[in-house]
Amino acid sequence: DGGITQSPKYLFRKEGQNVTLSCEQNLNHDAMYWYRQDPGQGLRLIYYSQIVNDFQKGDIAEGYSVSREKKESFPLTVTSAQKNPTAFYLCASTPGQGYEQYFGPGTRLTVT
Amino acid sequence: AQSVAQPEDQVNVAEGNPLTVKCTYSVSGNPYLFWYVQYPNRGLQFLLKYITGDNLVKGSYGFEAEFNKSQTSFHLKKPSALVSDSALYFCAVRARGGNKLTFGTGTQLKVEL
Numbered sequence: 054d055g056g057i058t059q060s061p062k063y064l065f066r067k068e069g070q071n072v073t074l075s076c077e078q079n080l081n082h083d084a085m086y087w088y089r090q091d092p093g094q095g096l097r098l099i100y101y102s103q104i105v106n107d108f109q110k111g112d113i114a115e116g117y118s119v120s121r122e123k124k125e126s127f128p129l130t131v132t133s134a135q136k137n138p139t140a141f142y143l144c145a146s147t148p149g150q151g152y153e154q155y156f157g158p159g160t161r162l163t164v165t
Numbered sequence: 025a026q027s028v029a030q031p032e033d034q035v036n037v038a039e040g041n042p043l044t045v046k047c048t049y050s051v052s053g054n055p056y057l058f059w060y061v062q063y064p065n066r067g068l069q070f071l072l073k074y075i076t077g078d079n080l081v082k083g084s085y086g087f088e089a090e091f092n093k094s095q096t097s098f099h100l101k102k103p104s105a106l107v108s109d110s111a112l113y114f115c116a117v118r119a120r121g122g123n124k125l126t127f128g129t130g131t132q133l134k135v136e137l
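Residue numbers (our numbering), protein chains in the order written: chain C, 54 to 165; chain F, 25 to 137.
Please keep in mind that the hints were generated in silico from the structure rather than gathered at the bench. Even glycine gets a Cβ: it sits at the ideal position worked out from N, Cα and C. Some hints could be false.
What the hints assert, rightly or not - Computed cross-link-like contacts, PhoX-like style, restricted to lysine-lysine with a CA-CA straight-line distance of at most 25 Å:
1) F:82 to F:46
2) F:82 to C:124
3) C:110 to F:124
Stated by the list, open to error - Stretches of chain F that chain C covers, calculated by requiring three or more beta carbons in the stretch to come under 8 Å of a beta carbon on chain C:
4) 62-76
5) 110-121
Modelling step: build the complete structure from the supplied sequences, incorporating the hints.
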């Protein structure tokens with residue numbers, strides 16, 4: 054099957070711990086994205102990467118970090134500096150500008 | 025800066041009736057416009073897009089949308105709603121030459137028998 058996988062589906066952490074969310078795609082897409090979804094706020098862009106070994110901050114990058122060492126993988130680390138980490142996190146990829154983004158199933162992170 | 029407005033948090037419609045979910049946008053230059061649907065605790069699914077050409081765009085599951093440049097709108101429509109259409113719908117815009125997709129806050133569609 055081709056697509057985007059995110060794991061795990063649900064993740065629980067204690068406050069003060071860093072946590073890494075996985076995102077893998079086998080679509081051969083160059084560009085990948087991380088979004089955060091909160092009720093009533095739509096999707097907000099955290100980080101994006103258009104090519105391996107390069108990434109840019111989105112609108113709400115503070116408290117997050119990413120890496121893009123392989124085309125297929127774009128992991129997101131939620132650090133202890135993120136004030137309100139509890140949210141639904143979505144990863145997406147796209148083959149190019151005029152194309153739609155393909156979304157993974159999401160990871161729901163709960164920090165207590 | 026680009027933005028998307030979905031003025032209705034929720035739209036209620038009876039099954040079999042036509043539905044409209046509204047979207048207006050602001051972007052520099054000509055836009056790429058998208059509609060996505062999300063079911064509970066799932067990722068977003070692509071419905072349709074406007075890139076260029078015909079202003080009326082047809083997409084998945086019988087949905088369509090009309091691009092209106094003068095009104096900067098891209099409303100989603102379906103002639104006959106189904107209960108299974110009940111979900112959260114997002115409109116999104118991307119500037120040509122831009123790298124980022126900006127989403128609206130979403131509209132919850134509820135179709136009742």
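Holds or violated: the segment 110-121 of chain F covered by chain C, criterion of 3 or more residues with Cβ-Cβ distance under 8 Å? holds (count 4)
Given hint residue 46 of chain F paired with residue 82 of chain F - CA-CA distance at most 25 Å: holds (16 Å)
Agreement of residue 82 of chain F and residue 124 of chain C with the hint, judged by alpha carbon distance not exceeding 25 Å: Violated. Residue 82 of chain F to residue 124 of chain C sits at ~32 Å, over the 25 Å cutoff.
8 Å C-beta criterion, at least three residues: is the segment 62-76 of chain F covered by chain C: holds (count 8)
Compare the distance between the alpha carbons of residue 110 of chain C and residue 124 of chain F with 25 Å, and conclude whether the hinted pair is satisfied. holds (11 Å)
Figure legend: structure checked against the earlier numbered hints; the only hint not met is number 2.
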